[in-house]
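Chemist: Sequence:
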Amino acid sequence: VIKSLAHVCILSRNLDRTLDFYCSTLGLRKGFDFLREGKLFGFYLKITDRQFLEVFQTTEAEWSVPPRPITHLCLEVDDIEAVRARLIDRGISVTDKKAGADNSWQIWCKDPDGTDIEFHQYTPESSQLTGKPCHVNW
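When you line the sequence shown up against the working numbering, it's residues 1 to 138, in that order.
Because the hints were derived from the structure by calculation, they are not lab data.
Treat the numbers as computed from the prediction; the structure is a model and nothing was measured.
Note that beta-carbon positions come from the ideal geometry of N, C-alpha and C, so glycine has one too.
Take these hints with a grain of salt, some might be off.
Simulated restraints, written as ranges between beta carbons of each label pair [said to hold, decoys possible]:
{"id": "1", "residue 1": "N137", "residue 2": "D33", "range": "41 to 47 Å"}
{"id": "2", "residue 1": "H135", "residue 2": "T95", "range": "18 to 24 Å"}
{"id": "3", "residue 1": "D79", "residue 2": "L40", "range": "30 to 36 Å"}
{"id": "4", "residue 1": "D113", "residue 2": "E37", "range": "21 to 27 Å"}
Given these sequences and hints, build the entire structure.
Modeler: Written out as structure tokens, the structure is:
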């Protein structure tokens, strides 16, 4: 039986820049490193004690090979205004806060490698909590 989402894996062209963004800007913590022949080639970042973002170094040649199967990463937050302010303070371009079709507050930005990141703050009316259908017009 599936208990929860364990991790999502993304690629990075610059591990230091990616680590700085996810840890210094978003507040995640490094869980552990992946080493190959004694050299760092990836790491796990803790979202919760049991949920992670897995990051692996990639080359420019590998980066340009389609398809890119992850369309975006969504992180639940408890204070979307504070997250937005923190992103702006760090010089990250971020969208305005808006209510999504699922009745959750959302903002969007990109990580250093261009991966779209959506942030959700659930409301009492959020489809994620109520199970009610989400009617979209896109």
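Chemist: Does each hint hold? Answer for all of them.
Modeler: Results for each hint:
A C-beta distance of roughly 44 Å is found between N137 and D33, which places it inside the suggested range of 41 to 47 Å. Checked against the hint of 18 to 24 Å, the C-beta distance between H135 and T95 comes to roughly 21 Å, which is consistent with it. Distance hint for D79 and L40: a CB-CB separation of about 33 Å, consistent with the stated range 30 to 36 Å. Between D113 and E37 the beta carbon distance is about 24 Å. The supplied range of 21 to 27 Å therefore holds.
Of the numbered hints listed earlier, not one is contradicted by the structure.
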